[in-house]
Every structure is written in structure tokens, then in C-alpha cells.
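If you read the protein sequences in the order shown, they are chains A and B.
Just so you know, our numbering puts 280 at position 280 of the first sequence, and the rest follows in order with no gaps.
Just so you know, our numbering puts 292 at position 292 of the second sequence, and the rest follows in order with no gaps.
To be clear, the hints were calculated from the coordinates, so they are not data collected in a lab.
Just so you know, not all the hints are guaranteed correct.
Pairs involving identical chains hold if they fit within one copy or between any two copies, as the list cannot separate such chains.
[Claimed, not checked] Cross-link-like lysine-lysine pairs, in silico, DSS-like; alpha carbons within 27 Å at most:
id: 1; residue 1: Lys299; residue 2: Lys165
id: 2; residue 1: Lys330; residue 2: Lys165
id: 3; residue 1: Lys161; residue 2: Lys132
id: 4; residue 1: Lys158; residue 2: Lys337
id: 5; residue 1: Lys299; residue 2: Lys94
id: 6; residue 1: Lys94; residue 2: Lys132
id: 7; residue 1: Lys158; residue 2: Lys94
id: 8; residue 1: Lys158; residue 2: Lys131
id: 9; residue 1: Lys50; residue 2: Lys4
id: 10; residue 1: Lys94; residue 2: Lys165
id: 11; residue 1: Lys328; residue 2: Lys165
Computed from a prediction, not measured in an experiment: that's the story for all the values here.
Protein chains: 2
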Amino acid sequence: MELKNDLLLRTLQHQPTKRKPVWLMRQAGRILPEYRQIRETVRNFKDMVKNPNIAAEVTLQPVDLLGVDAAIIFSDILVIPEAMGLTYEIAETKGPYFPKPVQTYKDIEILRIAEPEQDLAYVLEAIRIAKKALNHRVPLIGFAGAPWTIFAYMVEGKGSKTFSKAKAMLYQAPQLAHQLLDKITQSTIAYLKAQINAGANVVQIFDSWAGILSPETYQEFSLRYIQKICEAITEAPLIVFAKGAFFARLEMGKLPCACIGLDWTMHPVTSRQLIGENKVLQGNLDPCVLYADFDTIRKHTLQMLKDFGTKHIANLGHGVYPDIEVDKVKCFIDTVKEFET
Amino acid sequence: MELKNDLLLRTLQHQPTKRKPVWLMRQAGRILPEYRQIRETVRNFKDMVKNPNIAAEVTLQPVDLLGVDAAIIFSDILVIPEAMGLTYEIAETKGPYFPKPVQTYKDIEILRIAEPEQDLAYVLEAIRIAKKALNHRVPLIGFAGAPWTIFAYMVEGKGSKTFSKAKAMLYQAPQLAHQLLDKITQSTIAYLKAQINAGANVVQIFDSWAGILSPETYQEFSLRYIQKICEAITEAPLIVFAKGAFFARLEMGKLPCACIGLDWTMHPVTSRQLIGENKVLQGNLDPCVLYADFDTIRKHTLQMLKDFGTKHIANLGHGVYPDIEVDKVKCFIDTVKEFET
Numbered sequence: 001m002e003l004k005n006d007l008l009l010r011t012l013q014h015q016p017t018k019r020k021p022v023w024l025m026r027q028a029g030r031i032l033p034e035y036r037q038i039r040e041t042v043r044n045f046k047d048m049v050k051n052p053n054i055a056a057e058v059t060l061q062p063v064d065l066l067g068v069d070a071a072i073i074f075s076d077i078l079v080i081p082e083a084m085g086l087t088y089e090i091a092e093t094k095g096p097y098f099p100k101p102v103q104t105y106k107d108i109e110i111l112r113i114a115e116p117e118q119d120l121a122y123v124l125e126a127i128r129i130a131k132k133a134l135n136h137r138v139p140l141i142g143f144a145g146a147p148w149t150i151f152a153y154m155v156e157g158k159g160s161k162t163f164s165k166a167k168a169m170l171y172q173a174p175q176l177a178h179q180l181l182d183k184i185t186q187s188t189i190a191y192l193k194a195q196i197n198a199g200a201n202v203v204q205i206f207d208s209w210a211g212i213l214s215p216e217t218y219q220e221f222s223l224r225y226i227q228k229i230c231e232a233i234t235e236a237p238l239i240v241f242a243k244g245a246f247f248a249r250l251e252m253g254k255l256p257c258a259c260i261g262l263d264w265t266m267h268p269v270t271s272r273q274l275i276g277e278n279k280v281l282q283g284n285l286d287p288c289v290l291y292a293d294f295d296t297i298r299k300h301t302l303q304m305l306k307d308f309g310t311k312h313i314a315n316l317g318h319g320v321y322p323d324i325e326v327d328k329v330k331c332f333i334d335t336v337k338e339f340e341t
Numbered sequence: 001m002e003l004k005n006d007l008l009l010r011t012l013q014h015q016p017t018k019r020k021p022v023w024l025m026r027q028a029g030r031i032l033p034e035y036r037q038i039r040e041t042v043r044n045f046k047d048m049v050k051n052p053n054i055a056a057e058v059t060l061q062p063v064d065l066l067g068v069d070a071a072i073i074f075s076d077i078l079v080i081p082e083a084m085g086l087t088y089e090i091a092e093t094k095g096p097y098f099p100k101p102v103q104t105y106k107d108i109e110i111l112r113i114a115e116p117e118q119d120l121a122y123v124l125e126a127i128r129i130a131k132k133a134l135n136h137r138v139p140l141i142g143f144a145g146a147p148w149t150i151f152a153y154m155v156e157g158k159g160s161k162t163f164s165k166a167k168a169m170l171y172q173a174p175q176l177a178h179q180l181l182d183k184i185t186q187s188t189i190a191y192l193k194a195q196i197n198a199g200a201n202v203v204q205i206f207d208s209w210a211g212i213l214s215p216e217t218y219q220e221f222s223l224r225y226i227q228k229i230c231e232a233i234t235e236a237p238l239i240v241f242a243k244g245a246f247f248a249r250l251e252m253g254k255l256p257c258a259c260i261g262l263d264w265t266m267h268p269v270t271s272r273q274l275i276g277e278n279k280v281l282q283g284n285l286d287p288c289v290l291y292a293d294f295d296t297i298r299k300h301t302l303q304m305l306k307d308f309g310t311k312h313i314a315n316l317g318h319g320v321y322p323d324i325e326v327d328k329v330k331c332f333i334d335t336v337k338e339f340e341t
């Protein structure tokens, strides 16, 4: 059966649409009172991710409440290390961390390639439930972290401003780093294929920590693994969002994927010149614009829509911040919807 | 009297030199055991900054112990808000914070323009002591935060990954933001002039949080104030280091300053193309390279030296990380010194 709202898929296939599709990174989350209500019934974020019914329910909330043109499955990029054998935990104030970060060859050797139908059954089940509940209204986006970003957390053990331990391994023991990146990449490919098989119409790769690498290091330790994922995923359109990787835009234009996501520091016009005409672009309003009054939000959103021109999926340049008012998010979404291409 | 080692000054004046000058951001700091020894005798970082004898002593340590081609006065960018009337404190684990961040028009109105000879006498005294102790061996660099970066701390109240409160003000109340930025700029100009008057041979502006603004916002709320500072400081060469502001390199090439500092994500060749031939460039080795073995450090440092070509001051692309071994820092410095231009 066909989708009632196929704006996202048509745009990804370079087909004409009446208007641009719009969704927000982190749209299923703390901005919605209905999400916070459910969040209060469980111990932590991880418990929500692990519960397919809850994950599916919050996945649908922004479709019902905000009117976005796509749902994105509620999950976490750190499910992959866990599926490989490296468990993460949630510290009340400091967020996720790995009690035993990867340091040695032996640490890498004991990690397994994830088998999604077994290790990540809870995500696939959430996708199936969400898909059914969506009832063909809008497409469902699956996702995974980029291998470098997953590597950064696995080696550093926790979030960090510099990820200096993870980066140190790239310079100290590049072969070791490649072994781990290779295992993560294999796991990620299997995972994305399983998500598509379970019902995801589109998949996105988040390279959240792309921007802390040098151009050369990024080529060697991130982009080549993203390339492998792009080559392997032929079943659905793929979006690559590499936050801060301004220096790799020329090369990203050559990736075999459908769409490149941009953060708000990358100007749409310059980015189009570097990336070329073959890619759809996604993004990239500064999330902080949504703190402003409605007129200012409309002004900046319209400017962005004009700057991008065609082949554009409207989004923020990063996940929406949790303290943004719902009406401000709606203003952004409605401004996109009223803009005729 | 002339400087015995004038490599930095000659390079900033586009004069030929036998080799490139080298220094490191945060060279006076925790990498040196001699620094940590002094640090243990006081309560916190702020006590060191406020004590002219201690500040001068640690300023000289890297000249004596590492053989760098310049000293940089040991201080903190947050001395400016304090001189304007907004006191900062140091939390044991979390670093500096402002108990009463700036929020309203009234908060801005009560701030004064810093009078350096009075409000920042301790820094100027430290410069005079350091200058005398240096005895014309190498030039002394003074510094200040860029107005946007100082603004970010004053409004946010503390360090942050997103500085969303500070950025929110730019969109919610741009006129208010400009009022505060203007006061900071006036204070900074007076402060840099006083540092030069006290003996600084060169001054550097650190725009540490440049990279979280959009290109348009950066132009309006940061670069125009840096421009004002560049225009006002005619007494000594000025270096502008805007971390993450890759999107403003073309415009930075037009600033009336001597040198642009680059972080490690900005490739030397691309940056030279954007910035043009009129500026000296400073930087930009990835600080994490110094975790590697000596051969790897030499290899990456040599590559950087070649990539920059002429009109280059060798440095890291950010402050040196505190857990880097002293011998690794020396390896970086010595590699630059052995490289003939």
C-alpha cells in the first residue's frame, strides 16, 4: 500500500512535490509534554528504548501532535555497542557511559558482530509496532550512529568535549582503530538492513562527532566506513548527517547515498556548490532560532527555505533542544508547510 | 633594546626568517611539572591569575623549559567580565561560573567599561614582571577573549556544550545583545592597549566559541566587534584565533590584523586560498597528535609545516591538553626548529 504523505520519499527520489517535507531531529522527545508523561513512568531513557511499545508510542507522538512529514524510530545510537557486547549504563546526571571502555586488542577481539534479529530484536519490534500504528500516513526513518561516532563512545567510555582518548587511539594505534571500526561497520550494515526489513522506509546515519577530526583523519577513520555503509545499503534511501564535517563536503558529494544533512554552520549555498547537484540536502536551521518570537522564527525559516532552493528536506541543523516550546516548533513546521516550491 | 629571538615579530611583519617561530596555546600550564608544583601552593586557578609574581613565573616556564619562541602572559579571558563588575568564581570540579549571569537591560546597564590600570592592575603588573624576567629573550604575547566568547560566558553563566541561553539572546533580544557586546568591546580595546603599554609585543584574541554560531549570526554578533578591535589596536601586531569559524575565513582575510589562527579542522591550503596572501597564518596541529609516538609526531608536524608554506607561525590548533607528556611537546617544538624554510 502506498503512503498517504510521500513528500519525503518523492524528494529523496528527485521527484517534484508541491512543498518541501519537514521533520525534526529529536522530534520524539522532551519537547512534548506527552513524552515527558511517559518518561516519568520508567526509570531512565534506556528503559524507554528497550521497551518496544513505549518506543513505538513516542515515535508516533510528533506525527500526531506536530504534523511532521516523517516519523523517526525512537532509539539510541548506543544500542550497537551493546549488541556487540559492550553494555552501556545511564548515570542520573551525566548521561550514558561504558563501565568497561575499549582499550586493547583483546577488548576488540571479544566483541561480536551484532546479529540484529537477536541482539536488537527490541528495536525491530518497535519499528513493526510503529509501522502498523502509522498506518501508511508518513514514512518511518530508521537510524544508526556512524562508525567513528560509535567508536568514539566505545573508546572514550563516555561523552566528552574533546574525545581525546578516542582520538589518541587513531594516532597511537591506527590498526587497532581500524579493527574496531570494521566490526562496528559490519554490525551497522546488518542493523540498518534489519531496520529496513522491519519497515523503515529511509535510514539516516548520525556522525555526531565528525567535527572533532582533522580533514585527513576524517577521511581515513570515518568517511571510508560511511562509504562502505552507503555501498551496502541498497534497499532504501540513505541520509548521511555528519555534524561539523564542513571540510568533507566535497567528498560527501561523491558518496553513494541519497541525501546529506547539514548543521547550521554550513551555509546552504556554499554547501550546494561543494556537494553538487546529485544530492538532496537536509537541514539546517540553528536550533536556537526556536527560542525567538514567532515572527523571527518565520523570517529565519523562510530565509533557509529560499537559500536551499530545490532538492531540500527542511529540518533543524541539530536535534531540537528539550526546553523549546511546542508552539515554536509548530511555527517552524507550519512555515515550511505554507512555503510553496 | 632589541629582542634576541625576533622570529615571531619578523614573521608577523612578513620579513624573511631562517626558520618558523613556534609556541603553543596553553604552554604555561599543567603539562609542566614545575607549573603543577606552583599550582599546589594556591587554592585555585584564579588565585594564580590574581597573583602577579606567580603569573609571571609560570609565564616564563615554557621559555626556560621548552624553548618556545614566545611567552604568553598567564591569565584568563574571564578577567574582563570581572573588571566590568561581573565576578566569576571557581567551582572545584566544574570550572569557572558567574553566580549572577547577565539577563536583563538592567544587568547590562550596571556593568562598567573596564579601566585596566585600575581594574586589571594585577595583569599589567604580571606583564611588567614577566617582561623584565624575560630580559629581551623572546617576545611576550598579551591576550583577551573575543567579545562574543566573553558574552557567551556572561549570559550563559558557565561553560556549556551549546551555549543555548547566550545564543537565545541573539535571536530574542538582538539590541540587548549588541549593548552588552559593545561594552565588552570597549573594555577589551582598553585592556589590549594597556597590555601593550605594559610590555606585550603582540596580542591575540581568542574567539573560543565562534564555531557554535551560524555564518550570519557570526558576522553580526562576533566579527563586527573583532573588526572594531582590529581597527583600534594599532600599537602592536594582532592575531585573531576564532575556533570553529571555518565559514568566516573569507571575511577574516579582510580584517585589519596581522595574523589569523586556525584550528586543526581547517586545512592550511584551503584556508590560505580563502584568507588570501596578506595574512600570516598560525596553527594548527591536532592536539591529539601529541599522544602518538615521536615518529608520528614528527611526520604530522612536518606535513603541517609543508602544507602552510611561508608566512606561518607553528602552533597547535587548540590549547595543548594537560595530560600530554613534556617530551612529546618538545618533539613538536624541535621538529619545527629543525625545519628550514
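Going through the hints against the structure:
1. Lys299 to Lys165: For Lys299 and Lys165, only the inter-copy Cα distance (20 Å) is at most 27 Å; the intra-copy one is 42 Å.
2. Lys330 to Lys165: Result: close only across copies, 21 Å inter versus 40 Å intra.
3. Lys161 to Lys132: Neither: 40 Å inside a chain and 38 Å across chains, both beyond 27 Å.
4. Lys158 to Lys337: neither (39 Å within a copy, 38 Å between copies)
5. Lys299 to Lys94: This pair counts as neither: shortest intra-copy Cα distance 36 Å, inter-copy 37 Å.
6. Lys94 to Lys132: Classified as neither; 35 Å inside a copy, 46 Å across copies.
7. Lys158 to Lys94: both (9 Å within a copy, 17 Å between copies)
8. Lys158 to Lys131: So Lys158 and Lys131 fail the 27 Å test inside a copy (32 Å) and across (43 Å) alike.
9. Lys50 to Lys4: Neither: 29 Å inside a chain and 66 Å across chains, both beyond 27 Å.
10. Lys94 to Lys165: both (18 Å within a copy, 20 Å between copies)
11. Lys328 to Lys165: Answer is between; shortest inter-copy Cα gap is 16 Å, intra-copy 39 Å.
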